[in-house]
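Participant: If you read the protein sequences in the order shown, they are chains A and B. Count the first sequence with my numbering and you get residues 1 to 274, in order. Count the second sequence with my numbering and you get residues 275 to 340, in order.
Be a bit skeptical, because a hint or two may be false.
[Stated by the list, open to error] Rough simulated footprint, nothing fancy, chain B against chain A, three-plus residues with beta-carbon under 8 Å: (1) 52 to 63; (2) 104 to 116; (3) 131 to 144; (4) 176 to 189.
[What the hints assert, rightly or not] Here are the simulated DSBU-like pairs of lysine-lysine, each with C-alpha atoms no more than 30 Å apart in a straight line: (5) A:Lys-25 with B:Lys-316; (6) A:Lys-140 with A:Lys-158; (7) A:Lys-37 with A:Lys-25; (8) A:Lys-158 with A:Lys-25; (9) A:Lys-140 with B:Lys-316; (10) A:Lys-140 with A:Lys-25.
[Said to hold, decoys possible] Just some of the chain B residues that point at chain A, by a computed CB distance under 10 Å: (11) Tyr-284; (12) Glu-285; (13) Gly-287; (14) Arg-294; (15) Gly-338.
Calculated from the structure, these hints are not laboratory results. Note that CB positions come from ideal geometry on N, CA and C, so glycine has one too.
Below, each chain spelled out in residue letters.
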Amino acid sequence: MSGPSGPVPVILMGMGNDTLVIAGKTFSSRLIVGTGKYASNEIMQRAHDASGAELVTVAVRRVDLGARGRGSLLDFIDTGRYALLPNTAGCYTADEAVRTARLGREVGLSEWVKLEVIGDERTLFPDNDGLLEATRVLVKEGFVVLPYTNDDPVVCRKLEDAGAAAVMPLGAPIGSGLGIQNLNNIRIIREFAGVPVIVDAGVGTASDAAVAMELGVDGLLMNTAIAGARDPVAMADAMKLAVAAGRRAYLAGRIERRRYATASSPADGLLSLP
Amino acid sequence: MRITLNGDPYELGEPMTISRLLARLDIDPRRVAVEHNLVVVKRAAYASTTVRAEDTVEIVNFVGGG
Chain A
1 MSGPSGPVPV
11 ILMGMGNDTL
21 VIAGKTFSSR
31 LIVGTGKYAS
41 NEIMQRAHDA
51 SGAELVTVAV
61 RRVDLGARGR
71 GSLLDFIDTG
81 RYALLPNTAG
91 CYTADEAVRT
101 ARLGREVGLS
111 EWVKLEVIGD
121 ERTLFPDNDG
131 LLEATRVLVK
141 EGFVVLPYTN
151 DDPVVCRKLE
161 DAGAAAVMPL
171 GAPIGSGLGI
181 QNLNNIRIIR
191 EFAGVPVIVD
201 AGVGTASDAA
211 VAMELGVDGL
221 LMNTAIAGAR
231 DPVAMADAMK
241 LAVAAGRRAY
251 LAGRIERRRY
261 ATASSPADGL
271 LSLP
Chain B
275 MRITLNGDPY
285 ELGEPMTISR
295 LLARLDIDPR
305 RVAVEHNLVV
315 VKRAAYASTT
325 VRAEDTVEIV
335 NFVGGG
């Protein structure tokens, strides 16, 4: 029996310092969220708050010179609370991605970049060669590079060797909501990687998030699953809980899968028929 | 004189610094990044970088994305 002075329960010891560390920066939340596709900036703000996220992605685009009374996305993101992660979404070559990353660094005054080099319009799958090339260039320029990559352990290893601060394999195509398509690859990527593994894209609902975290990955990045939900604020809360639940289940260590039943109640001491 | 601004032709009148260009466009310099002839211009250099005829200027900001 452990009284008030007894040992601290194992679960609390396990969770006490369970933080996500990327490039020396510590996050208490393992959920990274986007800023795209929200019906309004106010809903986005409330969803961010509900998600508990501390890192949010943004895209870099030309200023709309024709718009009157331009409001800035940054008016709706408290940068004291959320760190910004500019992306290079929409870039199809390493050169475009590098150029976009450099501009994003100037707007946000941060070295962090979610690097995307897209290889195919329909699937938005990454271009491995371009991604590796852009990673090498940006790492040399002092960027903290978080590449969005295929769920391929070999590509992830190459990205890590190129200096990526984390690897971000896709769970399924961006915005598809299909859930984690290749659980085994994600597990192998986590096993191989010496940097944090963030599953980026493909989550549809809370159970997908929990499944990903139960594989032992370090974090999860999502946009559409929250922004596109009927109630984005409630879904952001669900995702926060699912990420925490999946993480705790991973740390707790699940039971082995068995084909047949193993009784939970003792076989001894059963009443016998008269 | 003409420049290319965010991909479109733009009549500038006379050479001017990036600081002046941003003021003329009513853009808050703290919310954007500027690329001048494919080179990113640091904020501290806006007042000393001059845009001339035929130059290419890109002005970008953050928008929603995943």
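Participant: Give a verdict on every hint.
Facilitator: Taking the hints in turn, this is what the structure says about them:
1. 52 to 63: With 7 residues closer than 8 Å to chain B, the region 52 to 63 of chain A meets the three-residue bar; holds.
2. 104 to 116: Held - the region 104 to 116 of chain A has 5 residues with a Cβ nearer than 8 Å to chain B, which meets the minimum of three.
3. 131 to 144: violated (count 0)
4. 176 to 189: violated (count 0)
5. A:Lys-25 with B:Lys-316: 25 Å, holds
6. A:Lys-140 with A:Lys-158: Given that 30 Å is the threshold and the Cα spacing comes to 15 Å, the pair holds.
7. A:Lys-37 with A:Lys-25: 28 Å, holds
8. A:Lys-158 with A:Lys-25: 23 Å, holds
9. A:Lys-140 with B:Lys-316: 19 Å, holds
10. A:Lys-140 with A:Lys-25: 19 Å, holds
11. Tyr-284: This interface hint holds because 8 Å falls under the 10 Å limit.
12. Glu-285: With a closest approach of 13 Å, the B:Glu-285 hint is violated.
13. Gly-287: Since chain A brings no Cβ nearer than about 16 Å to B:Gly-287, farther than 10 Å, the hint is violated.
14. Arg-294: 16 Å, violated
15. Gly-338: 4 Å, holds
Against the hints set out earlier in the document, violations occur for numbers 3, 4, 12, 13 and 14.
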